[in-house]
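Visitor: Quick mapping for you: the protein sequence lines, in order, are chains C and H.
If you count by the numbering used here, then the first sequence holds residues 1 to 113, one letter each, in order.
If you count by the numbering used here, then the second sequence holds residues 114 to 226, one letter each, in order.
Worth flagging that the hints you see were computed from the coordinates, not collected in a lab.
One thing to keep in mind: the hints can contain errors.
Said to hold, decoys possible - Here are a few chain H residues that sit away from chain C, every Cβ distance over 10 Å (derived from the structure): (1) 115; (2) 137; (3) 139; (4) 142; (5) 165; (6) 175; (7) 176; (8) 179; (9) 212.
Stated by the list, open to error - Taking beta-carbon pairs under 7 Å as the criterion, some of the chain H residues facing chain C (in silico): (10) 168; (11) 178; (12) 211; (13) 219.
As the list claims (entries may be wrong) - Only part of the chain H face toward chain C is listed, based on derived beta-carbon distances under 10 Å: (14) 155; (15) 157; (16) 161; (17) 163; (18) 191; (19) 208; (20) 210; (21) 213; (22) 224.
Backbone N, C-alpha and C define an ideal beta-carbon position, used for all residues, glycine too.
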Amino acid sequence: SQQGEEDPQALSIQEGENATMNCSYKTSINNLQWYRQNSGRGLVHLILIRSNEREKHSGRLRVTLDTSKKSSSLLITASRAADTASYFCATNHRTGGGNKLTFGTGTQLKVEL
Amino acid sequence: DAGVIQSPRHEVTEMGQEVTLRCKPISGHDYLFWYRQTMMRGLELLIYFNNNVPIDDSGMPEDRFSAKMPNASFSTLKIQPSEPRDSAVYFCASSSQVNQPQHFGDGTRLSIL
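This is chain C alone, in the form it adopts within the complex (with noise of 0.2 Å):
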């Protein structure tokens, strides 16, 4: 099963207005990673995050970690049309065959002017 599922699924907000997506991962992390996909498009990194990092910030990202509870969330400040894509958390955990980034299930954001 996929190392990473997140909540919600769907989320819906103004523009102007925070957003926070959560991901939930079952197993030893090396480092845990954000990803934006645009509709049609690759997905591109936003941040990561070491195991032994409790919070990160990049810009209007904020990014926590509680490896205790093996969780991660995502916040997007003061959001953004542009904003509007499907945000994947990705896990990167040591496997019999290597390093390996396993993708959650995606929240899909829309922002609305």
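Dock chain H against chain C, hints included.
Guide: Okay, now just chain H, sitting in the frame of chain C:
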């Protein structure tokens, strides 16, 4: 800088035909990944290479799928014979290290009739 380049962007073919997807990674990246994205299964890792050598192919669905990386700037994913259930978007990604952010191409949307 050029990103990851995939071709073709769209492919429509009949069941039983051979399909070849192509990828040019970012220059200097030692890792190349092939993913498949569907609504039902999300984003799945099929195979990844390090310095042109396949490291983990546990995600390759069956023997109809094969991937090669003859040199550092080119990789192919081949399906022979193709089946309707292979219809999906196939992404190629590359990275400098296995646990670092991955850079994705815009994918090949494959439809098998």
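Visitor: So is residue 179(H) really clear of chain C, every C-beta pair being over 10 Å apart?
Guide: holds (17 Å)
Visitor: Does residue 191(H) meet its interface restraint, that is, does its C-beta lie within less than 10 Å of any C-beta in chain C?
Guide: Given a least distance of 21 Å, the restraint on residue 191(H) is violated.
Visitor: When you look at the beta carbon of residue 175(H), is every beta carbon of chain C farther off than 10 Å?
Guide: holds (17 Å)
Visitor: Closer than 7 Å between Cβ atoms is the bar; does residue 178(H) clear it against chain C? Give me holds or violated.
Guide: With a minimum Cβ separation of about 16 Å from chain C (threshold 7 Å), the hint on residue 178(H) is violated.
Visitor: Non-interface claim for residue 212(H): all C-beta distances to chain C beyond 10 Å?
Guide: violated (5 Å)
Visitor: Would the stated hint for residue 208(H) survive a check requiring a Cβ distance to chain C of less than 10 Å?
Guide: Nearest chain C Cβ about 9 Å off; hint holds.
Visitor: Are all C-beta atoms of chain C more than 10 Å from that of residue 142(H)?
Guide: Per Cβ check, residue 142(H) is outside 10 Å of chain C; nearest 13 Å; holds.
Visitor: Given a cut of 7 Å on the nearest C-beta pair, is the interface hint for residue 168(H) held or broken against chain C?
Guide: holds (5 Å)
Visitor: Would residue 176(H) pass as off the interface with chain C, using Cβ distances and a cut of 10 Å?
Guide: Holds, since 18 Å exceeds 10 Å.
Visitor: Residue 219(H) was flagged as interface toward chain C. Is the shortest Cβ-Cβ separation under 7 Å?
Guide: holds (5 Å)
Visitor: Restraint: residue 157(H) near chain C, CB-CB cut 10 Å. Satisfied or not?
Guide: Nearest chain C Cβ about 8 Å off; hint holds.
Visitor: Was the hint right that residue 161(H) lines chain C, CB cutoff 10 Å?
Guide: Since chain C brings a Cβ to about 8 Å from residue 161(H), closer than 10 Å, the hint holds.
In terms of the numbered hints stated before, the structure departs from hints 9, 11, 18 and 22, listed from lowest to highest.
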